[in-house]
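Colleague: Keeping their order, the protein sequence lines are chains A and B.
For the first sequence, the positions run 1 to 733 when the numbering used here is used.
For the second sequence, the positions run 734 to 833 when the numbering used here is used.
Derived from the structure by calculation, the hints contain no laboratory data.
Ideal Cβ placement from N, Cα and C applies to all residues, glycine included.
There may be inaccurate statements among the hints.
[Claimed, not checked] Straight-line Cα separation of at most 27 angstroms, DSS-like style, residue types lysine-lysine; simulated pairs:
no., chain 1, residue 1, chain 2, residue 2
1, A, Lys281, A, Lys58
2, A, Lys43, A, Lys281
3, A, Lys606, B, Lys735
4, A, Lys606, A, Lys731
5, A, Lys614, B, Lys735
6, A, Lys43, A, Lys214
[To be verified] Over the 10 angstroms line for every Cβ pair with chain B, so calculated as not near, a few chain A residues:
no., residue
7, Ala21
8, Leu86
9, Ala160
10, Gly192
11, Pro302
12, Met352
13, Leu385
14, Leu447
15, Asp450
16, Asn459
17, Ile518
18, Thr521
19, Ile597
20, Asp659
21, Asp683
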Amino acid sequence: MQVFKRKPLTSQQLSRRSTIAVIACAALLIVGLWGFQYWSASKGIRLEVEQRAKAELKVKQLEIQKVLSSVEVAMQNMDWAIEKGLSDPDDFYEVAERLVSTNEAIVGAAALFVANFYPQKGRWYEPYVTTDSTGQFVHKQIGSASHDYLQFDWYLKGLASPNGYWSEPYYDEAGALQMLSSYTQQIRDREGRVVGIFVADVSLEWLGKIMNAKPLYPSSYNIMLSRSGQIMASPIETLVLRHTIEDVTAKMSDTAVKSLNINMKAGQSGTATIVNNKGEKNYVFYAPVEGNTGWSMAVVCPDREVYADLRATTMSLLLPMLLGMLLLGFIVWRTVRSARHLREMGEQRASMESELRVANNIQMAMLPKIFPPYPDRDDVDIYGLLLPAKAVGGDLFDFYIRDEKLFFCIGDVSGKGVPASLLMAVTRALFRTVSAHEAHPAHIMTLLNDTIAQDNESNMFVTLFVGVLDLPTGRLRYCNAGHDAPLLAGEHVGQLPCDPNLPVGVMPDWKFTAQEAIIYTDTTIFLYTDGLTEAENAAHELFGNERIKKVAISAEHRPHRFVHAMADAAKQFVGDAEQSDDLTMLAIHYTKQQLDIRFSSIIILKNDVQEVPKLATFVDQVCERLSFDPATTMQMNLAIEEAVVNVMNYAYPAGTEGDVKIEAQANDQRLKFVIIDSGMPFDPTAQEDADITLSAEERRIGGLGIYLVRQLMDSINYERVDGQNVLTLRKKL
Amino acid sequence: MKTLIKEENDIIVMYLEGRLDTAAAVQTEADMRPLYDCTDRDIMLDCTHLEYISSSGLRLFLGLLKSAKSKGGHVFIRGLNSNLQSVFNMTGFSSLFEFK
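Work the whole structure out from these sequences, hints included.
Modeller: Structure (structure tokens):
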């Protein structure tokens, strides 16, 4: 089964997410509040607009009612005259004139009688009074076969309406060229029978003025419909009486308009929301005109204007709100980022600390740490200890034996931390590299200095002590570059005298001076860093050289005991104070025992390879004395020949003569050959070994000699003593 | 140190007898000179009576081998005693030469 691991989020992703989450929550809250505020405000506005529209409708209603009532009242006032005039058909002209005169809305008046009411007037009798353009009354009898009012709908309705009837509005094309509506009242005879209708042609000129006056909103408008749906008033004049509301709204896709039309024509009042084909929302408030006109009014308010203020306010709120959101987002982002920054700093510190630990481990791993390092040797024992302070430091010590010489060093890099530790590592590596082919401490130090001082931009330096102890003879050569002088603890305790050299890395091309001392058996060379001398107690006193000497005098000379006695003394002195610097100590106990010489023989040869057969005879004799088998004898021959020929070839310049002295010496443990010449300083042990793994084509012709010596003998050791090269080869017995 | 060069069955054989130390190497180098003219052929170094060899002698062997290798010839060695064989092993020469 394959397991899919979800990729862990980076801290950056996390913080981005939390920022987004916080902003989203805030945005949601703000939008919610905003929406609620908008919703409640729009509800209020809706209520308000409804009230305003209803009030508007009421006002219009009252204004219209005023005119209509005046007509109706004028008509009612004519009742008695009409009744009186029934006896004379021509009296109606006078009545009609009076009616037209009394009310300026009434542009004409007529009486229409049932068929054959006045036999002398025929089947149709319709006396009609109107005014001409000069204001003079005009009398006409317009009832006739061609104007058969008896069939007219409004006549029949008027005849049937005891409380008066308002006809459908119509356009007076023959007369006043205006919209009219006729108001009819029944004419009754003395017996109360309806014998006809009295009609006032009422101009509806004023209706448009009333309806179109002062709209509620800039683009809102009012309309009026007749009971059949004809448009009686509209801001668009061309619609008036030419179209029904059904015509006008036929193409509208919003079906609500149909029921609105029906409701209006049915004389109901109410509210409707209509969306026109342009997608604009309109609120329609409608109510009938009271009375018996059958008219219906509506106020149409466009949504955008009703809510214009609210939206403007809302929009004006939106900008500060957006700014607020941005500000909030910024604050959250900053907070999250600084939190992340803190966390990352913590992580970085943790990783730095762990890297420092690793660096410290590497540093420690570089130091010799197997003690005793040479359990098989009886001439030297060594113990080293580095107690690091909290951070990685720059103390170092190192030692190794090459060709019967103990190379050792102790040093302290200026400063602390990683740079110091790096320089410490470099110094230690250089010490090993340089001393591999160089046994002179001043030369080693010079090479180290040249490398480190070069490009030393950070101006770091190392106080360093380099010693080379010739183990067979106890001759110590050393070079001290500004380090604490080591202590020699033997029968007496004293400091090793040291020349004042600069520390390594301070000045390129500094000529370091080397010094020599003879180390006697059972003497301890004790080296330390200033972590020991400057170990400080709570009273700010330093451990100091005197205390070191005191401990050295009483301490046991086995290096492990010696170092720990010193460490314990320092620790006791310091007490609870914190260790401020690395504390490094190295003790070298020289224990060379001179054994009784059992046998000794000397031969002196000229620096001529033709002397080699003499050498062979000499070596054969020595081997015979020691009862070596032929194989070992051959090996001794080969080794000594190679060593001697090497000296003959290189120590003396070509053409110069000189002697080579070979001394064979044996004790109970080993046979040694000491080859001494007075030629130029020449250290064969510094030569590179031949690489025996190469192919014939790659093999160099030379370089085999010293390689064979190293293979055949147990040790090879070179010393320059008193102007002579001294090469010692040893073979264990 | 004595040497002898013979042709045996199309192979040039050089017999080496005695101690080939640094002192003897001077003469042996001169004795070997004719072999350099035949390094396109197979050369056999017979060491049956060779008692001793130092790096100077080994150097001569290597010089001859280098010359043969560059001309496509072979240098064989035979008859090494165990002491000399150990020297050849020690110096890596046993892997350079072909032994018969």
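Colleague: Confirm or reject the statement that A:Met352 sits farther than 10 angstroms, beta carbon to beta carbon, from all of chain B.
Modeller: Holds, since 50 angstroms exceeds 10 angstroms.
Colleague: The output says A:Leu385 does not contact chain B. Does that hold with a beta carbon cutoff of 10 angstroms?
Modeller: 41 angstroms, holds
Colleague: Can we confirm that no CB of chain B comes within 10 angstroms of the CB of A:Pro302?
Modeller: 107 angstroms, holds
Colleague: Beyond 10 angstroms from every Cβ of chain B: is that where the Cβ of A:Ala160 lies?
Modeller: The claim holds: A:Ala160 sits with its nearest Cβ about 143 angstroms from chain B, beyond 10 angstroms.
Colleague: Would the least Cβ to Cβ distance between A:Asp659 and chain B come out above 10 angstroms?
Modeller: 17 angstroms, holds
Colleague: For A:Thr521, is the shortest CB-to-CB distance to chain B above 10 angstroms, so the non-interface label stands?
Modeller: 36 angstroms, holds
Colleague: Per the stated criterion, does the least C-beta distance between A:Leu447 and chain B lie above 10 angstroms, as a non-interface residue requires?
Modeller: 30 angstroms, holds
Colleague: Over 10 angstroms to the closest beta carbon of chain B is the bar; see if A:Asp683 clears it.
Modeller: 19 angstroms, holds
Colleague: Beyond 10 angstroms from every Cβ of chain B: is that where the Cβ of A:Ile518 lies?
Modeller: Non-interface label stands for A:Ile518: nearest chain B Cβ at 36 angstroms, farther than 10 angstroms.
Colleague: Say whether it holds or is violated: A:Asp450 keeps its Cβ farther than 10 angstroms from all Cβ of chain B.
Modeller: 34 angstroms, holds
Colleague: Does the no-contact call for A:Gly192 survive, Cβ to all of chain B over 10 angstroms?
Modeller: With a cut-off of 10 angstroms, A:Gly192 remains clear of chain B, as the shortest Cβ separation is near 156 angstroms.
Colleague: Is the nearest CB of chain B more than 10 angstroms from the CB of A:Ala21?
Modeller: 73 angstroms, holds
Comparing the model with each numbered hint stated earlier shows that all of them hold.
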